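Peer 1: With these hints in hand, go ahead and build the complete structure from the sequences.
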Amino acid sequence: GAGVSQSPRYKVAKRGQDVALRCDPISGHVSLFWYQQALGQGPEFLTYFQNEAQLDKSGLPSDRFFAERPEGSVSTLKIQRTQQEDSAVYLCASSLTGLSGTQYFGPGTRLLVL
Amino acid sequence: RKEVEQDPGPFNVPEGATVAFNCTYSNSASQSFFWYRQDCRKEPKLLMSVYSSGNEDGRFTAQLNRASQYISLLIRDSKLSDSATYLCVVTLSYSGGGADGLTFGKGTHLIIQP
Chain A
2 GAGVSQSPRY KVAKRGQDVA LRCDPISGHV SLFWYQQALG QGPEFLTYFQ
52 NEAQLDKSGL PSDRFFAERP EGSVSTLKIQ RTQQEDSAVY LCASSLTGLS
102 GTQYFGPGTR LLVL
Chain B
229 RKEVEQDPGP FNVPEGATVA FNCTYSNSAS QSFFWYRQDC RKEPKLLMSV
279 YSSGNEDGRF TAQLNRASQY ISLLIRDSKL SDSATYLCVV TLSYSGGGAD
329 GLTFGKGTHL IIQP
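Chains A and B supply the protein sequences, listed in that same order. The first sequence begins at 2 in the working numbering and counts up one residue at a time. The second sequence begins at 229 in the working numbering and counts up one residue at a time.
Hints are computed from structural coordinates only; laboratory data are not their basis. Some hints here could point you the wrong way.
Okay, the calculated bits of chain B under chain A, using three or more residues with CB under 8 Å as the criterion [to be verified]: (1) 271 to 282; (2) 331 to 342.
Using 27 Å as the maximum straight-line C-alpha spacing, the simulated DSS-like pairs for lysine-lysine come out as follows [as the list claims (entries may be wrong)]: (3) A:LYS79 with A:LYS12; (4) B:LYS270 with A:LYS58; (5) A:LYS58 with B:LYS273; (6) A:LYS12 with B:LYS270; (7) A:LYS79 with B:LYS273; (8) A:LYS79 with B:LYS334.
Only a predicted model underlies this, so the values are computations on that prediction, with no experimental measurement involved. Every residue, glycine too, gets a C-beta built ideally from N, C-alpha and C.
Peer 2: Spelled out as structure tokens, the structure:
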């Protein structure tokens, strides 16, 4: 079956521009996670949804970052007024259950802020 | 977020050799443990869950040492295709709660040489 998909795969933004990153999880997966991965680092947790409820957003680095999953399926990560330090790969993962379940990752969106 | 530490390597290992690396975690209340594999410029993929009793999958063996707070991954008869970054994941909470403690290590880089 189809895996997790993300779009766009690549995004170049000018500093100060707003961006929106989309994640389509595996159908039926309850949990959805967003991560930020800088070059040479492991993924850093950003936020976690169970269905449409955002249960944890403690990893969002600033109030410029906002995530939603209004119908409990597709999720959007929005970054307002992008800064150069926002340049990273943004990974989305979904899980059939919760934190103790296997996470299936999408290919990521590579964001470059100039 | 609680700390999870891995030796970044790189571990340079000849083909056919056995290699092992550890991942230490700081919170004794950690509940779930996983090893993920990440190839260059690809998304992480689950390699193994780590159970209290230890588990084996072909050439791979994972173990958990709660007393010393580390998990280990052993690869026997290493193949060129095992070259990748190995990420450990430690979680505190089960589904339904927040994602406090959902932490990836920075990864151990493994290079299998012919």
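Peer 1: The structure should be examined with respect to each hint, and the outcome stated for every one.
Peer 2: We went through each hint and held it up to the structure:
no.: 1; hint: 271 to 282; verdict: holds (count 5)
no.: 2; hint: 331 to 342; verdict: holds (count 5)
no.: 3; hint: A:LYS79 with A:LYS12; verdict: holds (13 Å)
no.: 4; hint: B:LYS270 with A:LYS58; verdict: holds (25 Å)
no.: 5; hint: A:LYS58 with B:LYS273; verdict: holds (23 Å)
no.: 6; hint: A:LYS12 with B:LYS270; verdict: holds (17 Å)
no.: 7; hint: A:LYS79 with B:LYS273; verdict: holds (25 Å)
no.: 8; hint: A:LYS79 with B:LYS334; verdict: holds (25 Å)
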